[in-house]
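Student: Residues per chain, in single letters:
There are 2 protein chains.
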Amino acid sequence: MPTDSQPTSDPLVLFGQRLVQLRKERGWSQEQLALECGMARSYLGGVERGKRNIALLNICKLADALSVSPAEMLKLNSD
Amino acid sequence: MPTDSQPTSDPLVLFGQRLVQLRKERGWSQEQLALECGMARSYLGGVERGKRNIALLNICKLADALSVSPAEMLKLNSD
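Chains as they are written, first to last, in our numbering: chain S, 3 to 81; chain U, 3 to 81.
One chain only, chain S, in its complex shape (with noise of 0.2 angstroms):
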């Protein structure tokens, strides 16, 4: 039976995953990475919960935030 935490194969809730880890890595609130990244809190929100299907120049804004590259922010767990 389907749980909330059954693994997912969609790649938006599985990047909202990835982005969750990479803040609190940081210690940072949503608020703190929305001033980071010139971001609404609202919209960091929907990333988060994998409910946007955020575009490149958007990805590297959030990774020039993060002192991450591109390639380390859609570094999924989708295995």
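Think of the hints as simulated: they come from the structure by calculation, not from any bench. Hints may contain errors.
Listed below are the simulated DSS-like cross-link pairs for lysine-lysine, each with C-alpha atoms no more than 27 angstroms apart in a straight line [as the list claims (entries may be wrong)]:
| no. | chain 1 | residue 1 | chain 2 | residue 2 |
| --- | --- | --- | --- | --- |
| 1 | S | K53 | U | K26 |
| 2 | U | K53 | S | K63 |
| 3 | U | K63 | S | K53 |
| 4 | U | K63 | U | K53 |
| 5 | U | K26 | U | K77 |
| 6 | S | K77 | U | K53 |
| 7 | U | K26 | S | K77 |
| 8 | S | K63 | U | K63 |
| 9 | S | K77 | S | K63 |
| 10 | S | K26 | U | K77 |
| 11 | U | K53 | S | K53 |
| 12 | S | K26 | U | K53 |
| 13 | S | K77 | U | K77 |
| 14 | U | K63 | U | K26 |
| 15 | S | K26 | U | K26 |
| 16 | S | K77 | S | K53 |
Place chain U on chain S using the hints.
Tutor: Relative to the frame of chain S, chain U by itself:
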């Protein structure tokens, strides 16, 4: 004086160059890649020229078609 071969830091252009590289490594035409990933050839042309802010789901579709990870797609030559 700027030339066509000037290095760029535009992520869209760098991604386009990366896509061309991965496609040519496979010996594929744009038309073949379009068939493999289910996108229009004209759209892919725009992506390769850095004219399109491609979103995550399409980046992942291209990764699947090219048999690389999403992270591999974003290994951009920005230095």
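Student: Taking the numbered hints from earlier one at a time, note which ones the structure violates and give those numbers from smallest to largest.
Tutor: The structure breaks hints 1, 12, 15; every other hint is satisfied.
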